[in-house]
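Asker: Residues per chain, in single letters:
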Amino acid sequence: MTTTNDSVTTVVIPKARAARPGTTPSPMPVPIPEPARPREISHAEKALAVGLTAIVLAVIGINISGYPMVNDDEGTYLAQAWAVAHGHGLAHYTYWYDHPPLAWIQLAGLSWLPGLLGSEGSTVATMGRVAMLPVVAAILLLIYLVSRRVGMAVWSSAAALVVFGLSPLTVVMYRGVYLDTFAVVWMLAALALVLSPRRNLWHFTAAGAATAVSLLSKETMLVTLPAVVLALWQHSARSTTRPWAIGGYVSGLTLVGVFYPLYALLRGELFPGEGHVSLVGAWQFQLASRAGSGSIFTDGSIAQGLLNSWLDHDPVILVGGLIATVVCLPVRRLRPPAVAGAILTLIALRPSGHLPVMYVVQLLPFFAIAIAGVLDLAVRLAPARQRWARPAALAALALIAATLVAPRWWTGNARAMHDNYHAEYVAAAQWLRTQVPDPKNTTVVADDVLWLECVDAGYPPEKAIWFYKLDLDPEVAARLPNGWRDVDYLVSTPALRGDSKTLTAVNTMLANSTVAARFGEGVGRIEIRRITKEIP
Amino acid sequence: MVGISDDRLELLVVLRAKVCGPHFWWRFPALLKGETLAAAVMIVSSVVLSAFAAITLWWTMHAWRTPETLAATRFAEPDGDHKLTFSLLLPARHEQAVLEHTVDRLLRSTHQGYEIIIIVGHDDPDTAAVAERIALRAPGRILVITDHNEVKNKPRALNTALPYVRGDVVGVFDAEDVVHPELLEHVDHAFRSTHADVVQGGVQLINFQSSWFSLHNCLEYFFWFRSRLHLHANKGFIPLGGNTVFVRTDVLRGANGWDGTCLAEDCDLGVRLSSRGAKVVVAYEASLVTREETPDTIGSLVKQRTRWNQGFLQVLRKGEWRRLPSMRQRVLARYTLVGPFLQAFSGVAIPVGVGVALATSLPIGVALATFVPVVPMLANIVFQTIGLRDFGKQYHLSVTARDYARLILGAFPYALILSVAALRAVWREYTGRRNWELTAHVGAHLQGNATAETTTAGAA
Chain D
0 MTTTNDSVTT VVIPKARAAR PGTTPSPMPV PIPEPARPRE ISHAEKALAV GLTAIVLAVI
60 GINISGYPMV NDDEGTYLAQ AWAVAHGHGL AHYTYWYDHP PLAWIQLAGL SWLPGLLGSE
120 GSTVATMGRV AMLPVVAAIL LLIYLVSRRV GMAVWSSAAA LVVFGLSPLT VVMYRGVYLD
180 TFAVVWMLAA LALVLSPRRN LWHFTAAGAA TAVSLLSKET MLVTLPAVVL ALWQHSARST
240 TRPWAIGGYV SGLTLVGVFY PLYALLRGEL FPGEGHVSLV GAWQFQLASR AGSGSIFTDG
300 SIAQGLLNSW LDHDPVILVG GLIATVVCLP VRRLRPPAVA GAILTLIALR PSGHLPVMYV
360 VQLLPFFAIA IAGVLDLAVR LAPARQRWAR PAALAALALI AATLVAPRWW TGNARAMHDN
420 YHAEYVAAAQ WLRTQVPDPK NTTVVADDVL WLECVDAGYP PEKAIWFYKL DLDPEVAARL
480 PNGWRDVDYL VSTPALRGDS KTLTAVNTML ANSTVAARFG EGVGRIEIRR ITKEIP
Chain G
0 MVGISDDRLE LLVVLRAKVC GPHFWWRFPA LLKGETLAAA VMIVSSVVLS AFAAITLWWT
60 MHAWRTPETL AATRFAEPDG DHKLTFSLLL PARHEQAVLE HTVDRLLRST HQGYEIIIIV
120 GHDDPDTAAV AERIALRAPG RILVITDHNE VKNKPRALNT ALPYVRGDVV GVFDAEDVVH
180 PELLEHVDHA FRSTHADVVQ GGVQLINFQS SWFSLHNCLE YFFWFRSRLH LHANKGFIPL
240 GGNTVFVRTD VLRGANGWDG TCLAEDCDLG VRLSSRGAKV VVAYEASLVT REETPDTIGS
300 LVKQRTRWNQ GFLQVLRKGE WRRLPSMRQR VLARYTLVGP FLQAFSGVAI PVGVGVALAT
360 SLPIGVALAT FVPVVPMLAN IVFQTIGLRD FGKQYHLSVT ARDYARLILG AFPYALILSV
420 AALRAVWREY TGRRNWELTA HVGAHLQGNA TAETTTAGAA
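Residue numbers (numbering that gives the first Met the number 0), protein chains in the order written: chain D, 0 to 535; chain G, 0 to 459.
Simulated from the structure, these hints should not be mistaken for laboratory data.
Keep in mind the model is a prediction, meaning the values are calculated, not measured.
Keep in mind that the hints are not guaranteed to be accurate.
[Stated by the list, open to error] If you want a taste of the chain D side facing chain G, the calculated C-beta under 8 Å gives, among others:
#, residue
1, PRO196
2, ARG197
3, SER250
4, LYS532
Just so it is clear, CB atoms sit at the ideal spot from N, CA and C, and this is done for glycine as well.
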């Protein structure tokens, strides 16, 4: 342990050298700690990332309410956020543990941003979608940060941000009010935290907590957990503190995550039982009973239709991302995002099961990072000795992007920034607000997008009814002693017509009503139908 | 800080009234106010308890925050020079069974410039006889001094020896300590390379398999010396440990030695030296730590802990810490000195609060809030599990599934023991009982020591 230099000693006291018999062995040599890697982000870099984020946000934000058409799920989540913000509990109907509630609790927290929820003259699409913009901004910045922290260059990290943000598929999907967006931002935060250059114990612990928040925002994000765990394992390798880092991560993950089952337990709703909803019962439904959407390889299946619509918006990020993911998997530092992309892809490819519309939301950031990672690798392959090689490689890549990708994206995003698919909803909402004489005593059945509009227009929340609940929620049915005859108006939207075949009460009302007002034509039309109360 | 417990008591009274009452509260508007108050109290105490548990956890984990902080807690490699001379004080009282072994180990030291001063009481001929016998083995190196104070305690014994000290540095050991031969060499280097006034080495209880509580006791030491003390040294306020502590003789004499009336003379010395701006360095090296044994019964553990807690209270009341230069240091000092009481209180209050939340029909938000302090508490148990594994690896001890079970299952009972000791300390201090309750040592930490025999404890 110490150097022997007896010959040059000047001290009177003789130095003790070799360990004497009977003493315990000398301490092990102290491993030299790796120097703190000062990979702090400079001001110029911050300005670059923030500037690019602002550009992407402008593309996503312009005409955000007009395109794409509002999905009924967006209305549902926003209505649930409204319930949280107004102290009605976790949902505007009985909360049945369909999804963990953290995403719309966060949405409720953001609802002050576009003004108070449901303020006059605004629509669900505007209110909810604008509230999502800060979340998208955080995702963009985190994509940059994660790219930097897996060792990518400034330009390629910026490329990851741009590829993600300007893909027309991203613009379409991230405009929506989806739970997945919240799950993505927290999982990316967890990834950035486990890759923290200082390898601080509390960063790892916070990463565990962020993972839990992500899973409590959308439970299906669980499949990307291996990516974060892999990054944690890789990043704490050869570190004296690895067991502690893992302990911190596990503590954060489980101790935050456990609050959800705890909530169910305290309400007596953890296990299935007579007369109440339950968390375990909801899981059983989600895993076993949910109707599948078929395989994407089966012609005419719902899943294949969904895949085709994604490919219509942007094949570049999907095909490019898939190839890039395969290329990145063998590269150690790029493996975590590639693993996330690979798992999500494999699950989408499984022969049966439920493939939701917003599934691709989770996939896009990881594909974008993988694409930029491959570009980064490609430029690094250029011989470093020739000074012109790397600029030339970069220029070549830029040229390919400008000729092959840019025109397609330009067209897609131009459409997103101009088309208006929301006018019918706005008109229908306006009609319900102005043309119905006594909203306070009027019962109206509508989809979730218009539900919040009705409540805002002065219809009592218990008299504005989400069409699903007539058939599925006994508590709602009990409010209408005469059944459908207690309803005054039915608002028939594409979402309602799409599901009406399985809903008896809705079907009966469609048959026993006349059109009071009609907005738009064809499949996208919205009809406000007055219920014919007299039996013919 | 005492206010919390009052709040919690009040809350329990309110809740008990509710549990016993035949009706649900929301049907009685008159009771509503009381319920709102109870909910408010529950949330406030939950926030306070969470904050305390989180801060404690944060500090406890100091050494493992980053690989760099961990590396900084170790002794630097010595350069081989022996430039300082040491006077090692070894107070021994009714410890004839372990004293010889301890001195034997000290005599194996690789450092050449040291003397050992054994201090025995005039009323303790057994130990004195052993000491005199050992002294013959190394004349000139070992000095035996008799303490004639009527009331015997460790600080008085140390003060008795202080005038005889010849070395540059005074080191303190206990009679049952197992000291590593290379320790002095490392300490010598640490003094010279850091220009410290005080060097605190590591102390570790080793016999973690003796009983369920000894495991928790060992881990407490592990986290304290391995991690927490380093934070205190960095912040400039440190309650020193009772042994393996080295002070420059001139600094010690300038501070008038130890406080003979204080039950935690080590803590007191650290506080006084910190207040005077002394530079304290803490270093921990698993192979160099001084090995000790845990108290052998719960009773003696409670006595020992009562003494320390009471000592902390005395140091708090003495108010030397008010002379610390910065506000932050004073806050840290106050917080550290009441720490054992807060820890004892919260260790019991948190599970009780959770039990109340489960047993009664609180509003869901309030019930969830009572679980928040459990988060840092359980995180602490997770880290202790890792600590136990690390402890086993560093000391080459095999940690079995039974030990992990003892760690998890014993956490709450151990918190109860600490609470009893804390309450006992407060009661003794405020009823003026300030005598010294000594802990018995049986030599359980001396591996293969067949001659270990129970010594009589100098209990009050």
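Asker: A separate judgement is required for each hint: does it hold in the structure or not?
Answerer: The hints, checked one at a time:
1. PRO196: Given a least distance of 10 Å, the restraint on PRO196(D) is violated.
2. ARG197: holds, 5 Å
3. SER250: Holds. Min distance 4 Å.
4. LYS532: violated, 39 Å
The structure fails to meet hints 1 and 4 from the earlier list, while all remaining hints are met.
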